[in-house]
Amino acid sequence: AAARAEEEEMRKKEQEEEMEWKRIEEARQQERERRAQREREHRAEAKRKARAEAEAAARAEEERLKKEEEEEKERTLAEETRQREREHRAEAKRKARAEAEAAARAEEE
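So for the sequence shown, full-length UniProt numbering puts the first residue at 1; every next one is plus one.
Fair warning: there could be bad hints in the mix.
Listed below are the simulated DMTMM-like cross-link pairs for lysine to aspartate or glutamate, each with C-alpha atoms no more than 25 Å apart in a straight line [to be verified]:
| no. | residue 1 | residue 2 |
| --- | --- | --- |
| 1 | Lys-66 | Glu-55 |
| 2 | Lys-49 | Glu-63 |
| 3 | Lys-22 | Glu-33 |
Here are the computed distance ranges between Cβ atoms for each label pair [what the hints assert, rightly or not]:
| no. | residue 1 | residue 2 | range |
| --- | --- | --- | --- |
| 4 | Lys-67 | Arg-105 | 41 to 49 Å |
| 5 | Leu-65 | Arg-105 | 34 to 42 Å |
| 6 | Thr-76 | Ala-106 | 26 to 34 Å |
| 7 | Ala-44 | Glu-14 | 43 to 51 Å |
| 8 | Arg-51 | Arg-89 | 53 to 61 Å |
None of these hints come from the bench; they were simulated from the model.
Cβ atoms here follow ideal geometry from the backbone N, Cα and C, with glycine treated the same way.
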């Protein structure tokens, strides 16, 4: 009877140890899963952040190019306006000179 009780006690102890190992292994597994989940979330967040930064950079580049294009249009328009003004002044000078010469000839006659 004592041997049977001792055997029963040993079996009980082994079962308890086995249960304890199972709990420890389960806790380790849960921790590995939590760590893996955090890592996946971290990578996804890093991807979202990188995508957002790339989109912001693309928008900024588009804005810069659009502004550059507008400035170029303004410079071209201003240059064309200055050129027309120069041509207009030159034409006015030619007219004035021609009129002065015609008046001088009329004066001579």
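Hints versus structure:
Between the alpha carbons of Lys-66 and Glu-55 the distance comes to roughly 16 Å, so the proposed pair stays at or under 25 Å and holds. With a C-alpha separation of about 21 Å, the suggested pair Lys-49 and Glu-63 falls inside the 25 Å cut-off, and the hint holds. About 16 Å separates the Cα atoms of Lys-22 and Glu-33, which keeps this hinted pair within 25 Å; it holds. The beta-carbon spacing between Lys-67 and Arg-105, approximately 57 Å, falls outside the hinted interval of 41 to 49 Å.
As the Cβ distance of Leu-65 to Arg-105 is approximately 59 Å, the hint placing it in 34 to 42 Å is violated. In this structure the hint that Thr-76 and Ala-106 lie 26 to 34 Å apart at CB is violated, the actual value being about 45 Å. Checked against the hint of 43 to 51 Å, the pair Ala-44 and Glu-14 passes, with Cβ atoms roughly 45 Å apart. Taken as a hint, the range 53 to 61 Å holds for the pair Arg-51 and Arg-89, whose Cβ atoms sit roughly 57 Å apart.
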